[in-house]
Structure formats: structure tokens, C-alpha cells
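Undergrad: Sequences are here, hints too, so could you generate the full structure?
What follows is the residue order along each chain.
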Amino acid sequence: MGVVHGQEMVLNIGPQHPATHGVLRLQVKTDGEIISEITPYMGYLHRCFEKHCENVTYEQVIPFTDRCDYLASMTMNFGYVVAMEQLMEIKVNDRVEYIRVIMAELQRIASHLLGIGAFGLDLGAFTPFLHMLRDRERILDIFEMTCGARLLYNYMWVGGLSHDLPTGFVEATLNFLDYFEPKVDEFENLLGHNKIFVERTADIGIMPAEVAISYGVTGPNLRGSGVKWDLRIDDPYSIYDRFDFNVPVGKGMKGTVGDCWDRFYVRIHEIRESIKIVRQAIDQLPKEGDVHQAMPKKIRPPKGSIYRRTESPRGDLGYYIESDGSDTPYRVKMRSPAFTALSVLNEIGAGWLMSDVLGILGSLDIVLGEIDR
Amino acid sequence: MTVDFLFDFLSELLSDLIGSGPVLIISMLIPCLMLFGFITIYALIVIYAELKVSSFIQDKVGPMGQGVGLHAGKWGLLQPIADALKLLLKEDIIPSSADRPLFILAPFMIFIGAFISFVALPFGESIIVADLNIGLFYILGVGSIAVLSLILAGWSSNNKWSLYGGMRSAAQIVSYEIPAGLSLIVVIMLAGTLNMQDIIRYQMGGMFSWILFDNPFVPIAFVVYFISAIAETNRTPFDLPESESELVAGFATEYSGMRYAFFFLSEYANMFVVSAVAAACFLGGWHSPISGFMDSPAWGVFWMISKTFFLIFIMIWLRWTLPRLRVDQLMNVCWKVFLPVALINIFGVAIWTVVFNQ
Amino acid sequence: MKRYFTDIFESISSILGGMGITLVHLFRARNDNVTLQYPEEKWPRPERNIGFDHSNYNVIRSRLHVDMDDCIGCLKCERACPVDCIKIVTEKAPARGEDIKAIKHKGITAKGTRKALVVTRFDIDMSECCYCNLCVYPCPEECIYMTGGPNAKKHPIDYEFSEPDRSDLIYRFAKKGTKDGLEKINAEQETGA
Amino acid sequence: MSEDKEKIISEAVEKALQGDMDTINNIEDRVTRSKAKAALVKAKRAKVVSDEDSTKEDNASESKVEEKINFNQTLCKKISEKFSDSIDGDQNNDWIQLKPENWLKIAKWLKSDEELFFDSLQCNTGMDLGEGVLESRYNLHSMKHLHKVEIRIKVSAEKPDIPSVEQVWRVADWFERETYDMFGINFIGHRDLRRILLPDDWEGWPLRKDYEEQETYHGIIVPKVKEGWE
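Chains as they are written, first to last, in my numbering: chain F, 1 to 373; chain P, 374 to 731; chain A, 732 to 924; chain C, 925 to 1154.
Incorrect hints may appear among the rest.
[Unchecked claim] Partial list, derived from the structure: chain A residues whose beta carbon lies under 8 angstroms from chain F:
(1) Gly749
(2) Ile752
(3) Thr753
(4) Val765
(5) Ile791
(6) Gly804
(7) Leu806
(8) Lys807
(9) Glu809
(10) Cys861
(11) Tyr862
[Claimed, not checked] Subject to a maximum C-alpha distance of 27 angstroms in a straight line, what follows is the list of computed DSSO-like cross-link-like pairs (lysine-lysine):
(12) C/Lys1029 x F/Lys51
(13) F/Lys51 x A/Lys807
(14) P/Lys709 x F/Lys254
(15) P/Lys709 x F/Lys195
(16) P/Lys533 x F/Lys29
(17) A/Lys733 x F/Lys195
(18) C/Lys1035 x F/Lys51
(19) A/Lys906 x A/Lys835
(20) A/Lys733 x F/Lys251
(21) F/Lys51 x C/Lys1083
(22) C/Lys1078 x C/Lys1001
(23) C/Lys1035 x C/Lys1072
(24) C/Lys992 x F/Lys91
(25) A/Lys773 x P/Lys433
(26) A/Lys835 x F/Lys298
(27) A/Lys842 x F/Lys298
(28) C/Lys1078 x F/Lys251
(29) C/Lys992 x C/Lys1068
(30) C/Lys1029 x C/Lys1002
(31) P/Lys433 x F/Lys183
(32) F/Lys91 x F/Lys276
(33) F/Lys303 x C/Lys1133
(34) A/Lys818 x F/Lys298
(35) P/Lys459 x P/Lys433
(36) F/Lys228 x C/Lys1078
(37) A/Lys733 x F/Lys297
(38) F/Lys254 x A/Lys835
To be clear, the hints were calculated from the coordinates, so they are not data collected in a lab. Glycine is no exception: its CB is placed at the ideal position from the N, C-alpha and C atoms.
TA: Put into C-alpha cells, the structure is as follows:
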């Protein structure tokens, strides 16, 4: 981008900064506006998730997984629960599977809304951020109807769910989807095709596919670089094979493939895909089936280990659970997608201007709770 | 106009008591205080307007005034006063490593820059503080004092973020004054004078005699002037100097309390000055759109202020719709788009007036 | 050169488009306004008509409450809490299932089980509670629950229980004077026997 | 000739399904008898499958597990041929236990070999197996062939050195820094091996089983004591 010369100034985009999506310090070498090197410093939000998991029982780990990625805690539960059920070979009935898919996809919509909103906010567009948060609140109302909580749910348990659906759930969700569908097009026009937004995001922070794979970047960021990789299809878990939805991939419509605009484009289209999935899931939702049916009284998995990946809104969320037969886990390791997304920042962010680097950081949509665990 | 009018009136009254010197000072002080009062009232109104308009755009209702304790008025009317009081009462921190004298000077300079350009603004037929014959030129010249104070503020608070903000604002305001000036030359060519009152008198007689509809090139000049005026007052999409999501608060990072209030106030005052100039030069100043209707000098003030408020509304509306431009895109737009368009415009208007020898 | 003009045209049309959208929002603010004037208009708690039968099943996440008359001191909730914010100390009851007037201890719970233990201390530290609702399920007497929701008749919703001092958030549910009352009774029994 | 053989086999299978096995047993020709038996097994399995579809998944997952096992075994054989005595300990079918010595060469081969093509390191987990044995586990995955493998490397706590694979997969850079931060396994050849989550001057390796947290850190009392609670 720019040839860097002259005396370098070290600048701390410090832990307390409006654009770092949480508590993250970027130590940045700049010459004027052009940034030559970024070294992220993390750990400000480290709450020893893995050490906690070694001292609590398997059910009690679930409230801790909520608090890792607090913007998508339903999918964090989902990942842990799928891994545990595969470890203990538990087969849950269809009603539970469908409710889990509905909840995970609604949470994906809510998390993408906030991801795109914050990305727009980093570039200065304040109003779309508030419109998206307004719609996110409606999804949180639906979650609150079901399990009482709005942000950290502890809803999906090993072998079932904590609560069954309330009677008014299906109508409320369908009303929301009908209300929300036209709004997605409005967001795309208000933000996506706005020339200043395109000028600020096209051809910026280009992440080629090999760099993405070698850095282990996954999820919308990887799909933005043109790699068609979605765990719900390529490494299927739960009942995702019963729904037909396609995987949006960055095509470089406004610039080269893999730039910030493509990541934005992939997220907007993923919201539309999730709406399709929720609609299909609600049609096929079986009426009967008790959500507590497959729940073991005492969770004591057989000795052994399992590594299971699921598709969280930020990418491959992997749980490595090692159990030694007792009722507390021997070791739980969470592979966090935002952790690898942040590691690629220096590779694709160096050489750009100051406001671009913060735009790129916003387009990667990281959450520090998940990175620091 | 009012200064000499006051001077004659007072000198008859008190000439025997005190010499002509103090009378001149008094006759200058009175309009100053009136202007200062006008600015503070106007600032409260425009803060309230910004709160309400931005909230409506974002599907909110803005401050509504319910709630325990200090009531914010029926429709949140007391909210701007509450803001002003808060800023006055807040502790005024000066960072220890800051360059004290410059740090203290910067807010006053920026306010003076905005304040003295009010002098040449025509509010009505005879309501103008000083009817300078170089009115427009004076306003443009005085407007650039703001640049100095922004750099001063950026440099003196000894903070990397404000340094960035200061440098960016220097580049932005200086470079956007050129397209603004060039597009005003179109007005001067048509009106033939620099005197604000004469420019407005030139546009007498109904809406279609305004300079805006004089010939097809002037609307382009109006748009160029209006957008570069937005850039001059650091409003989105050009609010890079104090972009809250990148530079924390740009040049105003270290300021708090009363000094921050001055930056705030002068931003709104600049907005008023710029929109008043646009209203006076392009939209027929204190003339009413329909020639006979409500055209008396008293109504002139109403028309002038309503046109200015309409332009301010557009500025607020733009602020809550568009994202922010990057620094080099900012320069790119100014030098590669506005400058050539403004130059071609002057050329176009010249040919048009010669061909149709108005 | 052509790109120069398309750029200008594109930016003008997209900016005007964007402004059009915000203008529509400006005029329609009255009916899709989302703000809630907090002290007057409280957050509407979704009334929870649960599909299945246990009508008093509580799914609200707010402050915890314990009916001490029903608590049999089985420590299940204490074990279920992931953040160990519940502390219970129990003593052997002099006689199983009898009320003890002195310390207002009821012998038989609402579900009819006869209590063998007297709970002298039942503290929940709400500042550490993570509102995960894991303690409500194992309770055999269903005496620990979060206030509000379907049992709002007994305890209205209460999510405004913030305190200036953090240690006031430690809720002590054991009845006043049970500890020393019980000691007195035991002491009497020794002297009596 | 072969049609009537088919006929005999199908008849025999029909009868066997009803229970009397002797018709199959007394087919003289050995070849047709074995064919009939195979057809019988297939018919039985098909019948079982058509009854409840859940068992179908078991068969599918069964075959998947089988396939995974023999994939691991073939990989084990290939590794031991190419790199002598790098397999540590006995053959196991869920993961591959390697010695730390030539792990870097194996990693490069795993990634570059066209037929294996493990191009993405999914996750690296540190593990404290007790009695001073640390272990670093790598879950590898190939985007092209969609097959996975788990590689484990045991190392003693006194000399916890494992060659770093950070040149092979760039994601290992931060994964290894985190394992170092939590377990103290130092990865030789790593670009800048320092703590990633904890402050740089924190003593001790938190996730080891024998870890006691330090009393104060820069004067701040680490274990949070709360008054009025105990």
C-alpha cells in the first residue's frame, strides 16, 4: 500500500478503545497514518475457563461455555453438548434436535446483526448499528420467552434442553421472521451499497484463501475469501442434513475476493440462509417428544477423549473433552474461531492506514471473551 | 449598520456627558452581547434539534422528560440546558504534560473564529452588525482561524490521538476552503458585489429570481459549496478530526468541562455561519419565496433563520446516515472532484452570462 | 475517465438512497419507536403460559428466593451451583417431623415430607450468582426458585435489587435466631436428660 | 448353467430366511454354497435395515469408525516406513502416538504429501497426564480429502521440548504459544515463544495439575478473599 519511511512511532490502540470490540491492545508501529506492523496483546479478559472446567461437573460447565462467546452463547452450548453426546453416545429425540437447530440459527442471526452493526460503527455509520440492535432485541425476546434469559442461556443440556418451548413460541418466531425479512434488504441498501461504505471496504484487508487456511481462519471470514467451507455441510452434526440451504461465498463483487466487503456480503447472506433454515425447521418441528427424555441422571462419560467441531457464527468452534470416567472433566479445551481470526490481523492489516486497520478488525468480527477464555 | 445607527443615536443622547470614545465602545458592546445571547440560544435549539432528529432517524424518541429527579421537561426540552449545565459544572482537567498556555488558548481561539464571522451575517433588511462592503470575503477569511486552533488543540494536549486529530483537521479544512471559495466566486460574478446586503437585494422578487435558479450552473456550485462547508465544520461524512470510533475524540480527547463546551459551541456556531452564508448567497437571504407575501423587513429575519435552519437540518440528517470517509479519500474528493467541478462551473457561468448578457 | 464519472454518479445515487431510507425512519418514528421510559414503563415480562402442565414451573431469571418452611436441608442446590454461591449449615432436629415453636421451625413440608434437619444457615451470595438456574431443578421440595414469572403471585418479579454495598447482596434465608434457639433446646435436653 | 445356479441360491436363501439352514448346507458345489451364504447374510442385513432405520445409522457410523480405524492404521504404517522408529508405543486406532524427535519432518511430509494433504491444523491441546508426563495433541484435517487424524506427542515435564510446527501451519504459532503459556511445553524453533494469555511475568504453568497460584502479583492479592462469607 504505502512505502513506509521516516521515524516509526509506536502507538497503543489500548485495551480501552472504542473500536477494539472488547479488551484488546494492539501495539502498532506507524509512520504518520500508515501502519507497518500490528502485534495484538490479549489476556485482559482471561477467566481461566479451562481451569474452571477441571473443577466442576459436566452439567456445570455449560454456564461457563455461555460466557466464552457471550454474543453467541446458544451456539457455544450447542458445540459443547454435541461433543458430549458423541462422547457418551447419547441419541436425543427429534424434537430436541429441531429446537436446538432453531435456537442456534436464531442466535446466528442475532450474532451476525451485532457483528455487521459494529463493523458499520467502526466506519462511522451510527444509524444502521442501532437499527440492527433493535431487531436483535426481538430475537432476545424470543429467547427470553423460552428459557428466561436474554444473553447467557444455559439452555442446551447434555441429552436435552432445560425447558420445553412455550405455547406461543411458533407464532412469535414466525411473526419475527416475517417482520425481519424485508429489514435485511434495507440494511443491505442503507449500508452495503452505500458508496462511502464500499469505498471504505472494497479492496481493503484482502485475505487470500491460502493465507486464511494456513492461519486457521474459519467461518464467514474464510467463506469471504472464496473457500466454500461450512461445517454444517462438510462435517455435518445434529440434523443439518435435513435442511437445504446454500453457503454464501465471497465473489469479489465490489473489489477483489477476500476483502472487507466480501466478509460483510457473506454475513448478510448468511442471515438470509439462517432465516430459511428456521422456517424449514419450524415446519418440520415434531409436536410430541419430551425434552428431558435422553438426559442421563448422572453424567459419567466413559474414559476417553473427543474432538468435535460445530459451526458457530464466528467459525469452527471445537471442543476437545478428555474424560477419566469421573463426573468432572479431566480436560476441556475450546478451540475458539475468533482466536485464529485475530492472528491473521497482522498479515492482512500491515501496510494499510489507521482507519482501515480498525475497519479490518471490525470485519473480522472478533469477540474477546472467546479469545481470552 | 446597527453599530453606526447606535453610535449616532447614543452620541446625541450622551455626547455632553461622556466623550465620543466610550460611546463607540458601548455601541459596539451592545451588538456583541446580543450576538452572544443569540449564539447561546441558537446552540441550545440546535442541540435539541440534533438530539430529536437523530433519535427519530434511529427509531428512538430521544429525551422525553419522564423519570425521577431532575425532570428533563415535557418533550425533553430541558435536556440541552442540562447538557450545558453539566459541561459547565464538570471538572476541567488540564493534563500535567500538556502545554498549558496553548492548551487554554485553543478553545477560545476556535470560538472567536466562529463568533467574529457573525458580524457580517445579514439577518434582515437593516439588521446586520456591520454592513461591510467586503462582507463575503471577510467571512471566508475569518473562517480559517478555526484551523489554527484545531492544530493548537491537537498539539498542546500532548496525546498521540489528538495529534492525529489536529493534523487531519489541518489538512481537511485548509483544502476544503478552496472549493468553497471558488463556488462563491460564481455568486460574486452574478451579483457583482461582495457586500452581503447587496447580494441579497440582487435576488429580490420571488423564488425564481434567487441566484440558485439564475442559470443551470449555479445549483452545482451550491452543492459543491454546501458539501465543502460540511467538511469545514468537521461534520460527518468528513468528521475525521474527531472521529469517535478511531481517534477516541480526536483533537478534543484531553478536553473536559467548560473547554469542551467551547469546542462544542463553536462547531454549532460554524454550522450556523456556513448555512447562513449559503442561504444568503444562494437562497435569497431575507427575501420571501413569494415576492409580495410577508416581505416586510420584520419578516426578513424569519425567512433568513428558517432557510438557515433548513440547511442545518440537512447537515444533521447527513450525519446520521453516512459512514466516515478515510483521510486520503477525503483529499481525493476535494482535489480531484470538487476543484475541477468548481473551476468548470465558474467558466460555465461566465459563458452563460455573456451569451445571455443578463 | 469513465470510472471517474460512474464513481460520482454512484456516490450521489447511493447517498440519496441512504438518505431516503433514513427520512422514512424519521417520519415513521412515532409508531415503531422502541424506547421505554424506564421508571414509568417497566420492561414487559413475557407472561409464560407454559405448554406442559407444571403451571408453577419457574423459568424467569431474577433474584433467588427460598421458602424456608419447605427446605429440608438436602444440600442438592449447594452441590449444583457452578460458582458455589450457596452456603447451608444444618443441625440434627431433636425430634423428626415435629414443629418447634421457639424457633418457628415447621416439621412437615408442603409436600408432606417430615424434616429430620433444622437449617441453621442458608446464605445465597447474589453478587456471585450466575443466574444459570441449575439450583432450581434438583430441589425435591421446589422451595428454591427465582422470583417472578408464574409464581408471581407469591413473589413479584424483582430484577432491581442492586445495593450500594456489595456485602448486602448476601441474602440470609435462615430464620432469625434458629442457631442459638436450637443450642438452647439441645442444652435443655442435656440438662433435662 | 449360471441361471439355474442363481435359482438354487435364491431358493436356498428364501428357505434359510424361514429358518431351515440345511438346504444351504447340502449344496454340494462349494462355490455356490459360499455364494448362497453371502447372499443370505446380505438379505439378513437388508431385512434388518429395512425394519428400523436407526440401525442404518449404526451401520453407517460403524462403517465410518471402521474406515477411521484402518485409515489410522495405514497412516501408522506409512509413517513408520518413511521415518524409522517414530511411532511411540503400541498401535492404537484412535490416534497416532509419535516420538518428539522428527515430528517436524513428519509434519512437513503430512502437509506436502499429495495423497494425505493435511493442510489445516484444527486444534492443538496441551495435556498433563500426571506423574510428570506432558502431552501435546494435534488434530489435523484435510480440506481436500476431508479426512482427520489426531497426533499425540508425550514428553516428560523435566525436559518438555517438542519441535515447533509453526513453519508448517501458521495457526500453530498462537496455538503453541497458548500451550506453552498453560503447560510450559517449550516448542523449539518457535518464532517468538512467550506467554499469550497471562501477563509475561506470571510464574508457574496454570493448567498443570500440581499448580498453586502465587500469593500476590505485583502486590495485588491473587486469591480473592470476601468478607462476611466464609
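Undergrad: Confirm or reject each hint.
TA: Hint-by-hint comparison with the structure:
| no. | hint | in the structure |
| --- | --- | --- |
| 1 | Gly749 | holds (5 angstroms) |
| 2 | Ile752 | holds (5 angstroms) |
| 3 | Thr753 | holds (6 angstroms) |
| 4 | Val765 | holds (5 angstroms) |
| 5 | Ile791 | holds (5 angstroms) |
| 6 | Gly804 | violated (21 angstroms) |
| 7 | Leu806 | violated (15 angstroms) |
| 8 | Lys807 | violated (13 angstroms) |
| 9 | Glu809 | violated (12 angstroms) |
| 10 | Cys861 | holds (5 angstroms) |
| 11 | Tyr862 | holds (7 angstroms) |
| 12 | C/Lys1029 x F/Lys51 | violated (33 angstroms) |
| 13 | F/Lys51 x A/Lys807 | holds (24 angstroms) |
| 14 | P/Lys709 x F/Lys254 | holds (22 angstroms) |
| 15 | P/Lys709 x F/Lys195 | holds (17 angstroms) |
| 16 | P/Lys533 x F/Lys29 | holds (13 angstroms) |
| 17 | A/Lys733 x F/Lys195 | holds (17 angstroms) |
| 18 | C/Lys1035 x F/Lys51 | violated (33 angstroms) |
| 19 | A/Lys906 x A/Lys835 | holds (8 angstroms) |
| 20 | A/Lys733 x F/Lys251 | holds (24 angstroms) |
| 21 | F/Lys51 x C/Lys1083 | holds (23 angstroms) |
| 22 | C/Lys1078 x C/Lys1001 | holds (20 angstroms) |
| 23 | C/Lys1035 x C/Lys1072 | holds (12 angstroms) |
| 24 | C/Lys992 x F/Lys91 | holds (21 angstroms) |
| 25 | A/Lys773 x P/Lys433 | holds (17 angstroms) |
| 26 | A/Lys835 x F/Lys298 | violated (36 angstroms) |
| 27 | A/Lys842 x F/Lys298 | holds (25 angstroms) |
| 28 | C/Lys1078 x F/Lys251 | violated (44 angstroms) |
| 29 | C/Lys992 x C/Lys1068 | holds (16 angstroms) |
| 30 | C/Lys1029 x C/Lys1002 | holds (14 angstroms) |
| 31 | P/Lys433 x F/Lys183 | holds (17 angstroms) |
| 32 | F/Lys91 x F/Lys276 | holds (26 angstroms) |
| 33 | F/Lys303 x C/Lys1133 | holds (18 angstroms) |
| 34 | A/Lys818 x F/Lys298 | holds (23 angstroms) |
| 35 | P/Lys459 x P/Lys433 | holds (23 angstroms) |
| 36 | F/Lys228 x C/Lys1078 | violated (36 angstroms) |
| 37 | A/Lys733 x F/Lys297 | violated (71 angstroms) |
| 38 | F/Lys254 x A/Lys835 | violated (75 angstroms) |
In this structure, the hints that do not hold are numbers 6, 7, 8, 9, 12, 18, 26, 28, 36, 37, 38, in rising order.
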